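Visitor: As a plain string of letters, each chain reads:
Number of protein chains: 2
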Amino acid sequence: VSPEVLEEFVAGISPGDAAAAAAADKRQALLTKPAGSLGDLEALGSRLSAMAGRCPPPVPSRPAVLIFAGDHGVLSEGVSPWPAEVTAQMVANFVAGGAAINAIAGVVGADVVAVDVGVATAVPQPRRQAKGRLFSARVRAGTANLVREPAMSPDEASRSVGVGFEAAATLLDEGADLLIPGDMGIGNTTSSAALVAAITGRQPASVTGRGTGISDEVLALKVAAVTAAIDRLASSRQLPAAALTDLPGEVVLAELGGLEMGAIAGCVLAGAKRRVPVLLDGLISLAGGLVAARLAPACVDYMVAGHRSVELGATAALDHLGLHPVLDLRLRLGEGTGACLAVPVLRAAAALLSEMATFDDAGVSSETA
Amino acid sequence: VSPEVLEEFVAGISPGDAAAAAAADKRQALLTKPAGSLGDLEALGSRLSAMAGRCPPPVPSRPAVLIFAGDHGVLSEGVSPWPAEVTAQMVANFVAGGAAINAIAGVVGADVVAVDVGVATAVPQPRRQAKGRLFSARVRAGTANLVREPAMSPDEASRSVGVGFEAAATLLDEGADLLIPGDMGIGNTTSSAALVAAITGRQPASVTGRGTGISDEVLALKVAAVTAAIDRLASSRQLPAAALTDLPGEVVLAELGGLEMGAIAGCVLAGAKRRVPVLLDGLISLAGGLVAARLAPACVDYMVAGHRSVELGATAALDHLGLHPVLDLRLRLGEGTGACLAVPVLRAAAALLSEMATFDDAGVSSETA
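Here the protein sequences come in this chain order: Z and H. So that you can map any letter, position 54 of the first sequence is 54 in our numbering, and since no number is skipped, the others follow by simple counting. So that you can map any letter, position 317 of the second sequence is 317 in our numbering, and since no number is skipped, the others follow by simple counting.
In case anyone wonders, no lab produced these hints; they're calculated from the structure. Please note: incorrect hints may appear among the correct ones.
Simulated pairs of lysine to any residue, SDA-like, Cα-Cα distance not exceeding 20 Å [what the hints assert, rightly or not]:
#, chain 1, residue 1, chain 2, residue 2
1, H, K26, H, S14
2, H, K26, H, A242
3, H, K131, Z, D361
4, H, K26, Z, T212
5, H, K131, Z, S354
6, H, K26, H, E4
7, Z, K26, H, F359
8, H, K26, H, S235
9, Z, K131, Z, E149
10, Z, K131, H, G109
11, Z, K131, Z, R62
12, Z, K131, H, F359
13, H, K131, H, N145
14, Z, K131, H, G213
15, Z, K131, H, D361
16, H, K131, Z, D246
17, H, K131, Z, T358
18, H, K26, Z, F359
19, Z, K131, H, S354
20, H, K131, Z, F359
21, Z, K131, Z, E174
22, H, K131, H, G175
23, Z, K26, H, D40
24, H, K131, Z, S206
25, Z, K131, H, T358
26, Z, K26, Z, E7
27, Z, K26, Z, R62
28, H, K26, H, E7
29, Z, K131, Z, R148
Quick list of simulated restraints, FRET-style, between CB atoms [claimed, not checked]:
#, chain 1, residue 1, chain 2, residue 2, range
30, H, T358, Z, L219, 49 to 57 Å
31, Z, L219, H, D231, 53 to 61 Å
32, Z, T358, H, L219, 22 to 30 Å
33, H, R54, Z, L239, 43 to 51 Å
34, H, R127, Z, D173, 40 to 48 Å
35, Z, L239, H, Q203, 55 to 63 Å
36, Z, G322, H, T368, 49 to 57 Å
37, Z, T170, H, P297, 36 to 44 Å
38, Z, P15, H, S136, 36 to 44 Å
39, Z, S365, H, S136, 19 to 27 Å
40, H, T358, Z, D216, 23 to 31 Å
Since this is a predicted model, take the numbers as computed values, not measurements. We put the CB at the ideal spot given by N, CA and C, even for glycine.
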């Protein structure tokens, strides 16, 4: 790891503005509605105010979905029935506009960019006229098998963070005001489960789920792979598995992660640095969020959990980050789909603070009791 | 009740199209995603297909929020700390664009119409330039106190249903393709709890919640009012309370309901008749839905539950209707707010079926196991 490079990404990230959050809470009490009746939207409005450093916060008008794509050497352990080339094929599908995330991004008016940070095979020519953009920034052609060896070198891990940071910075410079880091990578729920287990200290079986919907047999192989990876890392560091929770984020990323999780972490850091909200998706996005939080704890203040994935490890990561998800639609697709669906809820939380009348302004009587 | 009038509203309502739903399920399996990975969106896509009678279903582009407003004689039982004139003041606020529903409707691109179906006091002149529209169709100036006597006459109940039906028909004629019946009415969670108790057969205390956030003392008065209303109705019909579940919808509406619940029922019937989805909100909207379902059971096929309100009776109504809510944001405001927030999820469910590429079209490999 080149600490100087990572330092550049985390420099200047400061916690959310507590005064702006308090101003939002105070304003909620004046608006024409019973106190507390907007539930989670009120808490979200306060958090958005803290991120922006002002109340009312801006209503996000230009969300950008960044789908970070990478492949995984752990696939050779038999952890998924899908062939690795699907990662590259789906990248072409994102660019052509035929994936689920394209349809959902269209509904909420989000820009879609696919970022090849570590795909193993050639990305095919899209079959339809391109709707999405492709950033080609491949750090390496897929990770090594984390059961046998570190998934990537420290330098590659840092570079994957840099790819996400730079891609996000590019979109922010273009005017994006809400970042949605999504993922694509056959095998990446295995790698993410290992990351979540190491960072949260949970048992592998309790954070390893069925991913794309695998059988009991494949699930057993997957739990075994995550367990073996944790044991390998613990043994190489001469630590008990429970002590892996103390390892630096960049070390866990290099040992157990994926290139897309590194890029997601970089994207989170870029959002936090620019005080822009980052909407996290499911397990892989949250695993990247865990790495980012380990690199710069204050960046949690800029994270919003878009949805509760059915993947077991997602809930472990949400609990660890202290995030309550906006939606629970029993999704398990990735790509940023669940996060993108939460965009209108964020917009509403911000718009309520800027657009609602107060009791005084509207001439509405308050309660008498 | 004038049965001929109600017959006109329910005539021609037919169940959803099972063949279109089956076509949607079949199509889901061909799209570029793991089977079942879109969770609730897949079931919702099938239901929208059944409603429209075709797959893919249309993506709703012109949602209309109809906020039906009425007052409640039961307020004299001390069930709310808010004065009755707030109903009229909030109607003016909806028209001025200063209420929560206006901000949320703006985010999702929905039209807002306030419908005075039974406000007790004069609607003040809006203080800002009008953003919403007002339909004035007052059937009577608030209901009678349902603890002492029927809330309204059978004729008034039918007419309230007619107001909702006609208002919805007007908006559908203007091009609305998704109906969102909301509510405003100080005291209406008491009346709705009584409606829900009578139709579902639940105990009053199990369906009576804190509404705007009332104290333990006021809650006790509210449970007592609902219990007394149920007992009055049972005694007047010489039935045990448990047998009220067999009463016709229009009878329960007249005895225990509110003018806005009647109008909501009419709005649901209009949507079902035109095969347009109806997004239900919280307790009051669901109480109207229960009445509609009693009048025409097939109209449940056109209902989507927008969110799970924290009001106790809302969950009882959802269970009775067999609906799984899209969102759970711990809201308890009404106005159609929770339902309106679910609009983008409905749009996504429909857009996925029309816009996603199949594995074959996109050149993406299927799983091998």
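Visitor: All the hints need checking, so say for each whether the structure fits it.
Guide: Here is how each hint holds up against the structure:
1. Restraint check for H:K26 and H:S14: the C-alpha separation of about 23 Å exceeds 20 Å, so the hint is violated.
2. For the given pair, H:K26 sits about 43 Å from H:A242 by alpha-carbon distance, which is inconsistent with the 20 Å threshold.
3. Of the supplied pair hints, the one linking H:K131 and Z:D361 holds, its CA atoms being roughly 16 Å apart against a limit of 20 Å.
4. A distance of roughly 18 Å separates the Cα atoms of H:K26 and Z:T212; the hinted pair therefore holds under the 20 Å criterion.
5. Of the pairs offered as hints, the one joining H:K131 and Z:S354 holds, with about 16 Å between alpha carbons and a cut-off of 20 Å not exceeded.
6. For the hint linking H:K26 to H:E4, the alpha-carbon distance of about 42 Å lies beyond 20 Å, and the restraint is violated.
7. For the given pair, Z:K26 sits about 51 Å from H:F359 by alpha-carbon distance, which is inconsistent with the 20 Å threshold.
8. Pair hint H:K26 plus H:S235 does not hold up; C-alpha atoms about 52 Å apart against a cutoff of 20 Å.
9. For the suggested pair Z:K131 and Z:E149, the alpha carbons sit about 38 Å apart, so the restraint of at most 20 Å is broken.
10. For the given pair, Z:K131 sits about 24 Å from H:G109 by alpha-carbon distance, which is inconsistent with the 20 Å threshold.
11. Proximity of Z:K131 to Z:R62 is assessed by CA-CA distance (about 16 Å); at most 20 Å being required, the pair is judged to hold.
12. Between Z:K131 and H:F359 the CA atoms are separated by roughly 18 Å; this keeps the pair inside 20 Å, and the hint holds.
13. A hinted pair counts as satisfied when its Cα atoms are at most 20 Å apart, and H:K131 with H:N145 does not qualify at roughly 34 Å.
14. Pair hint Z:K131 plus H:G213 does not hold up; C-alpha atoms about 48 Å apart against a cutoff of 20 Å.
15. The suggested pairing of Z:K131 with H:D361 holds, with an alpha-carbon distance near 16 Å, which does not exceed 20 Å.
16. Restraint check for H:K131 and Z:D246: not satisfied, since their Cα atoms lie roughly 56 Å apart, outside the 20 Å limit.
17. Distance check on the hinted pair: H:K131 and Z:T358 sit about 17 Å apart at the alpha-carbon level, within 20 Å; holds.
18. A C-alpha spacing of about 51 Å is found between H:K26 and Z:F359, which places the hinted pair above 20 Å, so the restraint is violated.
19. At most 20 Å may separate the alpha-carbon atoms for a hinted pair to count; Z:K131 and H:S354 meet this at roughly 16 Å.
20. A hinted pair counts as satisfied when its Cα atoms are at most 20 Å apart, and H:K131 with Z:F359 qualifies at roughly 18 Å.
21. For the hint linking Z:K131 to Z:E174, the alpha-carbon distance of about 17 Å falls within 20 Å, and the restraint holds.
22. For the hint linking H:K131 to H:G175, the alpha-carbon distance of about 19 Å falls within 20 Å, and the restraint holds.
23. The hinted pair formed by Z:K26 and H:D40 fails the criterion: a straight-line CA distance of about 36 Å is larger than 20 Å.
24. A C-alpha spacing of about 52 Å is found between H:K131 and Z:S206, which places the hinted pair above 20 Å, so the restraint is violated.
25. Of the pairs offered as hints, the one joining Z:K131 and H:T358 holds, with about 17 Å between alpha carbons and a cut-off of 20 Å not exceeded.
26. Pair hint Z:K26 plus Z:E7 does not hold up; C-alpha atoms about 37 Å apart against a cutoff of 20 Å.
27. Taking the CA atoms of Z:K26 and Z:R62, the gap is about 28 Å. The hint is violated against a cut of 20 Å.
28. A C-alpha spacing of about 37 Å is found between H:K26 and H:E7, which places the hinted pair above 20 Å, so the restraint is violated.
29. At most 20 Å may separate the alpha-carbon atoms for a hinted pair to count; Z:K131 and Z:R148 exceed this at roughly 39 Å.
30. At roughly 28 Å, the beta-carbon separation of H:T358 and Z:L219 lies outside the given 49 to 57 Å, and the hint is violated.
31. Range check, Z:L219 to H:D231: about 55 Å between beta-carbon atoms, so the 53 to 61 Å window is met.
32. Separation of Z:T358 from H:L219 is about 28 Å and conforms to the stated range, judged on CB atoms against 22 to 30 Å.
33. Taken as a hint, the range 43 to 51 Å is violated for the pair H:R54 and Z:L239, whose Cβ atoms sit roughly 60 Å apart.
34. Look at H:R127 against Z:D173: about 42 Å separates their beta carbons, and that is inside 40 to 48 Å.
35. With their beta carbons about 57 Å apart, Z:L239 and H:Q203 fall inside the hinted range of 55 to 63 Å.
36. Remark: the range hint 49 to 57 Å for Z:G322 to H:T368 is contradicted by a beta-carbon distance near 39 Å.
37. In this structure, Z:T170 and H:P297 break the distance hint of 36 to 44 Å, their C-beta atoms being roughly 55 Å apart.
38. A C-beta distance of roughly 51 Å is found between Z:P15 and H:S136, which places it outside the suggested range of 36 to 44 Å.
39. The given range of 19 to 27 Å is respected by Z:S365 and H:S136, whose C-beta atoms sit roughly 22 Å from each other.
40. A hinted range of 23 to 31 Å holds for the C-beta pair H:T358 and Z:D216, which are about 29 Å apart.
Going through the hint list in order, the structure does not satisfy hints 1, 2, 6, 7, 8, 9, 10, 13, 14, 16, 18, 23, 24, 26, 27, 28, 29, 30, 33, 36, 37 and 38.
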